[in-house]
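Number of protein chains: 4
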Amino acid sequence: MIEINEIHPNPAGIKRVAVLTSGGDAPGMNAAIRAVVRAAASQGIEVVGVRRGFSGLHRGEMHLLGPRDVANTIQRGGTILLTARSRTWRTPEGRAEGARYLREWGVGGLIVIGGDGSFHGGYHLQEEHGIPVIGVPGTIDNDLYGTDHTIGYFTAVETALDAVDKLRDTGASHERIFVIEVMGRHAGHIALDVAVAGGAEEVFIPEDEKPIESVVEIVKQSVEKGKKGSIIIVAEGYDGGAQAVGDAIQAGTGLETRVSILGHIQRGGSPVSSDRILASRLGEAAVYALMDGQKGVMVGRTSGGITYTPLPETWQNSKDVSHDLYRCARVLSI
Amino acid sequence: MIEINEIHPNPAGIKRVAVLTSGGDAPGMNAAIRAVVRAAASQGIEVVGVRRGFSGLHRGEMHLLGPRDVANTIQRGGTILLTARSRTWRTPEGRAEGARYLREWGVGGLIVIGGDGSFHGGYHLQEEHGIPVIGVPGTIDNDLYGTDHTIGYFTAVETALDAVDKLRDTGASHERIFVIEVMGRHAGHIALDVAVAGGAEEVFIPEDEKPIESVVEIVKQSVEKGKKGSIIIVAEGYDGGAQAVGDAIQAGTGLETRVSILGHIQRGGSPVSSDRILASRLGEAAVYALMDGQKGVMVGRTSGGITYTPLPETWQNSKDVSHDLYRCARVLSI
Amino acid sequence: MIEINEIHPNPAGIKRVAVLTSGGDAPGMNAAIRAVVRAAASQGIEVVGVRRGFSGLHRGEMHLLGPRDVANTIQRGGTILLTARSRTWRTPEGRAEGARYLREWGVGGLIVIGGDGSFHGGYHLQEEHGIPVIGVPGTIDNDLYGTDHTIGYFTAVETALDAVDKLRDTGASHERIFVIEVMGRHAGHIALDVAVAGGAEEVFIPEDEKPIESVVEIVKQSVEKGKKGSIIIVAEGYDGGAQAVGDAIQAGTGLETRVSILGHIQRGGSPVSSDRILASRLGEAAVYALMDGQKGVMVGRTSGGITYTPLPETWQNSKDVSHDLYRCARVLSI
Amino acid sequence: MIEINEIHPNPAGIKRVAVLTSGGDAPGMNAAIRAVVRAAASQGIEVVGVRRGFSGLHRGEMHLLGPRDVANTIQRGGTILLTARSRTWRTPEGRAEGARYLREWGVGGLIVIGGDGSFHGGYHLQEEHGIPVIGVPGTIDNDLYGTDHTIGYFTAVETALDAVDKLRDTGASHERIFVIEVMGRHAGHIALDVAVAGGAEEVFIPEDEKPIESVVEIVKQSVEKGKKGSIIIVAEGYDGGAQAVGDAIQAGTGLETRVSILGHIQRGGSPVSSDRILASRLGEAAVYALMDGQKGVMVGRTSGGITYTPLPETWQNSKDVSHDLYRCARVLSI
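Protein sequences, first through last, are from chains X, U, H and B.
Be aware that the first sequence starts at 1, since it is given in the UniProt record's numbering, and climbs by one per residue.
Be aware that the second sequence starts at 1, since it is given in the UniProt record's numbering, and climbs by one per residue.
Be aware that the third sequence starts at 1, since it is given in the UniProt record's numbering, and climbs by one per residue.
Be aware that the fourth sequence starts at 1, since it is given in the UniProt record's numbering, and climbs by one per residue.
Simulated from the structure, these hints should not be mistaken for laboratory data.
Just so you know, these numbers come straight off a predicted model, no measurement behind them.
There's no promise every hint is true.
Treat identical chains as interchangeable: a pair holds within one or across any two.
[Said to hold, decoys possible] The calculated lysine-lysine pairs, modelled on DSBU-like cross-linking and capped at a C-alpha distance of 30 Å, are:
#	residue 1	residue 2
1	Lys220	Lys15
2	Lys295	Lys15
3	Lys295	Lys319
Extracted from the complex, chain X is given alone in its bound form (with noise of 0.2 Å):
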């Protein structure tokens, strides 16, 4: 029989805590929230939501949220908190603010569903008035140093992987080339392991500087080796992007060459078994910091577990792709 212990110390005696996501939305957010309350509930510990992320925050817009509020919600693409942009909050008289709404509400620490910028934000908080933060790395890029993994990353590469899926469909019928433009800015994660997942000829990253004319080469090979159409990833963060990638083809190569910028769709859907169970862990996690009397570190999760990093070495630090995983998309696309 296995022993469950699901009662967590409480030190630093935290009897109410607050929770707000923030920055671009990604599939598991609700999951990660319900997560915050349910496990605070099953410890005494009240939870308050704040609506629309920082710029509700110092708006005040905060709710008392118990365990049948989120119900029914894990299924759930989005937030129910919603999610907003705010400037007031990169001044100190707006995290002020805040931090007085926090203070009337009597909140003992603050958990930050999102990515680095908002972890920036919950840090200024906490530095500036005490406040313990936590944060909870939520975005589908998975750009975040401390974590093997994102909260929203394994459905946006579900989702695009449907599209390349969708789109080989096509390119076979008509022996096109795709070039297909994922999410990215800054990391080639989605974009790699959609390149492996989707069988792709070739995938272009931030990470390397591979210059654009080797596609062309590339996809002459995969023609002559007798492919029906070819996929081509690029990273949204490569330079020029699959529109630049997919005007040297079509000069290069002459064939028929189609750009598809998936764009926000990559966002959004009912989050996947991966980025639930990542969200309800680290959720969980981040109550049992706030009582373990932590303050100022990213939740995260690696293969040895619950780790905490602390939050500036999450927006200092980059996390690689996969050098064996790039190699693996090359391999495999001969």
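Position chains U, H and B against the provided structure of chain X, taking the given hints into account.
Only chains U, H and B this time, still in chain X's reference frame:
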């Protein structure tokens, strides 16, 4: 007990038919090819598959297709016979070459799966060389007169709707406007269905010359009503497309507006049941039509059952969008 | 420019209507509720939502539903108004209670979304208490006379088809027979559509008393033809169900046979576009029907447009499966 | 610029390898076959595909597989090499036949994609005939020691989760209990993941001997908390399965309870990205392992990268479910 008569009379004495797919690929084309091959086999008729549409026909890219060759294809997107554009086919010489190959193969009729451009190509062949041609409506746009729906249409709507559902997650979370362009160069069928099914605030179609400015008022009202995020659907063929509509909204309301052009993903993917069933019925009907001595007609399906429409009528007439549905879209966006 | 007249005449002087869902839930019920609420609102009519079907009606579980209350529901499976069975409603006393509540709320008509059992319940109410009742066909089985399709049917077929596609992967890999039971207690509509769209070898429906032994010969032939794996579809209502068919095949052929009963997953999921559109149209039509002074009819949709069928006819008549499609299933399984 | 070395040293002097799939099929097996074929081709090594697993091996059902033969297979469920059970292989004579064929084909090593039963079969071959065997973990159950995940597992979880999401629609609408049985004869990995991702109230796995009666109390509490409908997940290998759990709930609470056994659909479908990527990496690694002179090991993937586990360890050890995740499932069901 339901009596089934599987034997269809064959006054035309057909022994062999050819089949090709032409124009843009559409989900369900494989189901139609399969139906042609198997319906023919069930009547003791052989089928010659032509690869790469008319382009392959004038080059003689042909081979026999048996019932096992189309096994496990009903669920596949694209077309196993490939498709291509052909300039040569637009010349009498090109068509003469095609006719020569068809006669060499002893073919008693040609089944063309595609849109009105493809039917045009087939019609010329019949006029000039006397080879009976039957059209099967395969195009995602649903813009063919003579059939309630075209093969591929249902899947395209479903794919676009899935994207709309995903974008709504983000739209609602950020309280943002999404302007989404769906396929339909000359017709608003996809756009209108997606608008109703996607719960859009507004839809722009080529059939209605509604001024672009009207959308600004609609979006403003929608915000006043308390709607979180708005979805606007624009058919590709509407003047200026989604970009123009998005620009107008951004300029007129100042609200954050995102434009998303869904593009070619709408052509791919495993066909939904309605497309597979329609393709199965029309592929079967095309074989029977040749056996009955029909020529120069498109087989279609309306509520009354299978219909024959002379090929020229398919491009001389247009199929209206439903005005009732157009009103429904408006009424339900309140 | 397409003229839209959004104002519907209201000779019946309707000011408020009630709506409920009853019987088994079906995907698209929420889209129908939304359409009722918004079509009513567009005509200045209020809507009272009744929770838990007739069971909630005789207990007075009612509340006003405005256009914003149904926001973001069109894509949701199940029914936000809940549904339940009610023994009390089968008694005159129970119905008198319900009528009393409806009068208290000042309701000019009741819209019942459900199947023929639910229409029965509504019809009694109208007969005994004079409250106009309009039926909206919501059931996955498609077994309602008076409409080409019922709300939920398209999604159920799609869900079952998706399962068939998945089972075929395994069936083909193991060269195994799969016997798959789909919903349809009294009708073979789902089974037949799934059989054609899934490329099944054989289909058993309640409408045809085909002896179970015939399947043995068909499966044997299918193996001789070189088919890898076979798919047999059985409607729930066929004598003995899938288990009996599977046992007969195993006993008669010695081939590895697996029985899969899809069950309740066919009721759930986000409705496909066809169900959302049908629900939107019929929900709108139900409101207009009350305004027109209709009572005791089901709104349906056939090729000709919206139709009214007296409620008793919906349960006194049955809707045949298409014999043409039945033949098509057989012909294409060659 | 990222340096890629595509050439792997070949001290073992491998010129040709054989590959087969064995045991229950799993989504991603085709991606693994493709990876073996293409990684080998990239190193100038030929690949012999064996059809129908060990059953085909002792009958010599073998053929060369080139890079184009595996085109367009990465997204396909099932296995293009087919799979089957073999009694003959359990005899020394059967294995001797297989060894003879492998030598005739000049094969320097055999790659077995499957579960521990299949590895057993391969191990005997190596022990008796000296042919190097490499195992690739392909089974949906994830119950193989020596790798964090097995190929097919992620897709199976996703398929089961999709079913749970659908059943919840009905469960919530009818306020009903659903007891859902997922695959896992000896292990609760799928069940636990699905429980957390599906927001289940309770999960029963073979690893924990929790008494069935405990569920009655949990369901009662869940109703008292105001939950609409409950989801209970049961692994196939839990004593009595879902039926026993469902019976206990019905008897103990009197609430309407439905049992749903998901069955074989969990094996099929297009593999999700995580399975395709894992399969690509492990297929590539298996080829390199043979080139490195490895034998009698399974290639696996853990956080640290590619690992080799002696085949006997894969069946002598068991892989625990995560106790942390088990607690998480409980905590979040509050």
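Verification of the supplied hints:
For the homomeric pair Lys220 and Lys15, the shortest alpha-carbon distance between copies (28 Å) is at most 30 Å, but the shortest distance inside one copy (64 Å) is not. Taking the shortest alpha-carbon separations for Lys295 and Lys15, only the intra-copy value of 16 Å comes in at or below 30 Å, while the best inter-copy value is 57 Å. In the homo-oligomer, the alpha carbons of Lys295 and Lys319 lie at most 30 Å apart inside one protomer (22 Å), although the nearest pairing across protomers, at 35 Å, exceeds that limit.
Violated hints: none; the structure is consistent with every hint.
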